[in-house]
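S.K.: So the protein sequences, as listed, match chains A and B.
The working numbering puts the first sequence at residues 1 to 115.
The working numbering puts the second sequence at residues 1 to 114.
Derived by calculation from the structure, the hints in this document are not laboratory data.
Just so you know, not all the hints are guaranteed correct.
[Stated by the list, open to error] Only part of the chain A face toward chain B is listed, based on derived beta-carbon distances under 10 Å: (1) Tyr35; (2) Gly63; (3) Tyr64; (4) Asn73; (5) Phe90; (6) Cys91; (7) Phe106; (8) Gly109.
Note that the Cβ used here is the ideal one computed from N, Cα and C, for glycine as well.
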Amino acid sequence: NAGVTQTPKFRVLKTGQSMTLLCAQDMNHEYMYWYRQDPGMGLRLIHYSVGEGTTAKGEVPDGYNVSRLKKQNFLLGLESAAPSQTSVYFCASTDRVEGGNQPQHFGDGTRLSIL
Amino acid sequence: GNSVTQMEGPVTLSEEAFLTINCTYTATGYPSLFWYVQYPGEGLQLLLKATKADDKGSNKGFEATYRKETTSFHLEKGSVQVSDSAVYFCALSDQYTGGFKTIFGAGTRLFVKA
Numbered sequence: 001n002a003g004v005t006q007t008p009k010f011r012v013l014k015t016g017q018s019m020t021l022l023c024a025q026d027m028n029h030e031y032m033y034w035y036r037q038d039p040g041m042g043l044r045l046i047h048y049s050v051g052e053g054t055t056a057k058g059e060v061p062d063g064y065n066v067s068r069l070k071k072q073n074f075l076l077g078l079e080s081a082a083p084s085q086t087s088v089y090f091c092a093s094t095d096r097v098e099g100g101n102q103p104q105h106f107g108d109g110t111r112l113s114i115l
Numbered sequence: 001g002n003s004v005t006q007m008e009g010p011v012t013l014s015e016e017a018f019l020t021i022n023c024t025y026t027a028t029g030y031p032s033l034f035w036y037v038q039y040p041g042e043g044l045q046l047l048l049k050a051t052k053a054d055d056k057g058s059n060k061g062f063e064a065t066y067r068k069e070t071t072s073f074h075l076e077k078g079s080v081q082v083s084d085s086a087v088y089f090c091a092l093s094d095q096y097t098g099g100f101k102t103i104f105g106a107g108t109r110l111f112v113k114a
């Protein structure tokens with residue numbers, strides 16, 4: 001009964017380094033999302049995907065790239081990490097149902113610090 | 001564009017006190033409305049939802065009613081417990097070309113004292 005699993009849970013990077021955050025869901029959901037959560041700013045959407053092989057930009061996409069090669073996985077990449085990308089990153093998924101009344105299912109987050 | 005506004009926190013209450021967290025929204029259509037809760041070190045999880053006007057969502061003693069006339073979805077609980085200490089997010093499901101996205105409020109932190 002895993003739901004949405006994010007790896008790693010914690011990571012410290014130096015400015016300029018690159019890394020990939022992995023999100024995996026076992027609920028056969030069509031939609032997947034990446035958010036960042038910063039104090040006092042709630043959740044901000046970085047990128048999202050409406051199905052395997054598709055990706056789209058969210059509210060704050062700059063400095064990030066994503067890929068959805070398999071339906072169950074959604075990867076978030078930082079090409080050249082910057083201190084402004086220090087944040088907690090959450091992945092979420094939801095089923096595709098007409099009316100948009102399905103909730104999102106969240107992972108437990110990845111705490112990323114950029115020094 | 002569509003948006004969600006919720007009361008700023010933190011909210012500090014004593015155990016067994018009555019809780020209200022205000023949430024109002026702006027939307028052009030008829031969105032579904034949600035309350036999510038986030039406990040320390042965890043991701044958000046659905047607390048309750050309402051999908052049409054006058055619907056009441058409820059769970060674990062929490063309630064919220066979809067009020068279209070006031071564009072509100074206030075969260076209430078009659079008697080809070082220490083274990084309710086968490087951050088609460090109001091959200092709406094917004095339709096766009098190609099599907100739906102969720103718009104979240106900024107979150108309201110609740111502290112409950114024993």
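S.K.: Determine for every hint whether it applies to the structure shown.
M.R.: Consistency of the hints with the structure:
1. A hinted interface residue such as Tyr35 (chain A) counts as satisfied when its beta carbon comes closer than 10 Å to some beta carbon of chain B; here the least separation is about 8 Å, so the hint holds.
2. Given the 10 Å rule on beta carbons, the hint for Gly63 (chain A) is violated: about 20 Å separates it from the nearest Cβ of chain B.
3. Of the supplied interface hints, the one on Tyr64 (chain A) is violated, with its beta-carbon coming no nearer than about 17 Å to a beta-carbon of chain B, more than 10 Å.
4. Restraint check, Asn73 (chain A) versus chain B: the minimum CB separation of about 17 Å is more than 10 Å; hint violated.
5. Annotation: interface hint on Phe90 (chain A) holds; nearest CB of chain B at approximately 6 Å, less than 10 Å.
6. With its C-beta approaching chain B no nearer than about 8 Å, Cys91 (chain A) sits inside the 10 Å limit, and its interface hint holds.
7. Interface hint status for Phe106 (chain A): upheld, as the beta-carbon distance to the closest one in chain B is roughly 3 Å, under 10 Å.
8. Contact between Gly109 (chain A) and chain B, as hinted, is supported at the beta carbon level, the nearest pair being about 6 Å apart and thus within 10 Å.
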